[in-house]
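Visitor: Read top to bottom, the protein sequences are chains R and D. Residue 243 in my numbering sits at position 243 of the first sequence; the count goes up by one each step and never skips. Counting from 1 along the second sequence, just add 294 to a position and that's the residue number in my numbering.
Take these hints with a grain of salt, some might be off.
What the hints assert, rightly or not - Below, simulated DSSO-like cross-link-like pairs (lysine-lysine); rule was C-alpha separation at most 30 Å, straight line:
#1 R:K187 <-> D:K539
#2 D:K373 <-> D:K539
#3 R:K244 <-> D:K539
#4 D:K301 <-> R:K4
#5 D:K405 <-> R:K187
#6 D:K373 <-> D:K437
#7 D:K338 <-> D:K539
#8 R:K4 <-> D:K405
As the list claims (entries may be wrong) - Sample of chain D residues lacking proximity to chain R, with all beta carbon distances greater than 10 Å (derived):
#9 G308
#10 S329
#11 F349
#12 G350
#13 S364
#14 T384
#15 M414
#16 V429
#17 A475
#18 L477
#19 L494
#20 D510
#21 G520
#22 D522
Calculated from the structure, these hints are not laboratory results. All residues carry an ideal CB built from backbone N, CA and C; glycine is no exception.
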Amino acid sequence: MATKRDLRSLSTLLTPSTLFLGVFFLGPLAVMVIFSFLEPGIYGGVVWNFYHWNYGRILGWADGEWEDFDPVYIDIFLRSVRLALTNVGITLLVCYPAALWVSGLSVRWRTFVVFIITLPFFVSLVVRLFCWVLILRPSGFLSTSLMGLGIISEPIDIIYTETAVLIGMAYILLPFMFLPLYASIEKLDHSLLEASADLGANPFQTFWRVILPCTLPGIAAGAVLVFIPSLGNFIVPDLLGGAKVMMIGNLIEQQFLSARNWPFGSALSVMIMLVMFMLIVFYLRRIGRSEIVR
Amino acid sequence: MKHPWLKRLLSLHGFLFLAFVYAPIIIVVVYSFNSHPVNMMVWKDFTFDWYLSIFGNPTKLTEQTLYVESTDQLLSAVKNSLTVALTTTTFATIVGTATALAIYRYHFKLKPFYQGLLYMPMVMPDIVLGIALLVFFINFGVKLGLMSIIIGHCTFLISYVFVVVSARLAGMDSTLEEASADLGANPWATFRRVTFPQILPGIVGGALLAFIISMDDLVITYFIAGVDSTTLPVFIYGMLRRGVKPEINAIATLMLLFSFAIAALGLYFRRRN
């Protein structure tokens, strides 16, 4: 079926992206993986020797000469996973009822409210986080207004805690949970709900037995889309967590901008990438390809 | 509805949700007009002075508390951001659209591979892509600067344009193209007269999305921007790291207005079609 002319126009259309993504997307990822197996140079840079202790330093083996195993890295990694999972839980709990609410509105209102909800997320990330810095600082909006109302007598210090990091992360990642949830709730077959009610189920039974199982693909998609950017985030812990709440993203940033240990930083990045790949593969196997495209 | 209280509870949650989304933004906008020079969050008077001072105009407030770093730096960051965003948008829109046409129109063996490749940059955590690009540029001696930022942004923006244009192509009526071919139009004429006008809204939408993401990108730019090619988000991030200043309120408000304007433009184009 493919004529010569078809083949020519196909290759004309595909060549630019093939070349560009091949060189500037796959290329950098390959260099990063290679770097993660090289010896760190003393003053930054790399020495071209095979060197697996970059991973050993994180996972528990070391040569004892240049690199020492330090459980602190595993701790940071596990903390990042824990915070990312907590964030998935928070966004799910906040967005699910909201998505239910929106899907119950009339069609005109629905489009409008979805637009209103997604609008702020076109605003720069740094601006949205700045808002929370202003609110959560000891001299910030929350403290000042609570003191003004006489509810507290001393400024409360929320910023630079895990709570602050979780608030900030949930805030910037809300739409990644809301939109897939809303898409799957909207697709829900309403005759199923009526059938459930007719057969005598109360609203909670209908929710547990019908609505929740039917929207599981949306929940899974939202969870993956929130978990991945949460895990490697370094802007939120940097601005709202300070030095106390260090996540793997901050560790990576340090390796490149102050510690100058590129192979170690690359190894940490490769680990995030592996976690991401495992999640995506698991997701595609279990839920199917169609959902991620939305 | 048999359970009105349940519905009311859901509505209440919905309004709280909207409040959670909008309150932080509204607070920043309101307090950007606050003239209190010491504590930004204690309301004193209404003033435009922070806006004047970010553009380098002397004001009563900034005489007392000389805050703003350098208007020149800010303006050059804005200029860099616009340069990068306009260049990447143009490039990513053309390449992304071409790719979408190829993937949608033709059946070939490597199609699943290409689809996977095109979705990858969107799910790749920012920090991983940023680090990878950094070590790549340094390893091959590419000077970090506007060019490296433009290349970096294109790696993921092509994918966004591809997704938006693909969605439009999927919703297109393919019989029109067949009719055009049957009536004797050559493939180029069919594309220009039939396909292109139909997918134009998708292309415009993809371009606007690419523009807004490029203007907003912080993490990847942070790693691959050279010393003297800061973009606006990186500049503000740097300012924030050194301490919160009232001028940032004003800059943030202006950026908000700008983003809302672009989003409104996108909505307008979608509505019109």
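Visitor: Compare the structure with each hint and give your call.
Guide: To see whether the hints hold, each was checked on the structure:
no.: 1; hint: R:K187 <-> D:K539; result: violated, 46 Å
no.: 2; hint: D:K373 <-> D:K539; result: holds, 22 Å
no.: 3; hint: R:K244 <-> D:K539; result: holds, 23 Å
no.: 4; hint: D:K301 <-> R:K4; result: violated, 61 Å
no.: 5; hint: D:K405 <-> R:K187; result: holds, 29 Å
no.: 6; hint: D:K373 <-> D:K437; result: holds, 20 Å
no.: 7; hint: D:K338 <-> D:K539; result: holds, 16 Å
no.: 8; hint: R:K4 <-> D:K405; result: holds, 18 Å
no.: 9; hint: G308; result: violated, 4 Å
no.: 10; hint: S329; result: holds, 16 Å
no.: 11; hint: F349; result: holds, 18 Å
no.: 12; hint: G350; result: holds, 21 Å
no.: 13; hint: S364; result: holds, 18 Å
no.: 14; hint: T384; result: holds, 13 Å
no.: 15; hint: M414; result: violated, 7 Å
no.: 16; hint: V429; result: violated, 5 Å
no.: 17; hint: A475; result: holds, 13 Å
no.: 18; hint: L477; result: holds, 19 Å
no.: 19; hint: L494; result: holds, 17 Å
no.: 20; hint: D510; result: violated, 5 Å
no.: 21; hint: G520; result: holds, 13 Å
no.: 22; hint: D522; result: holds, 17 Å
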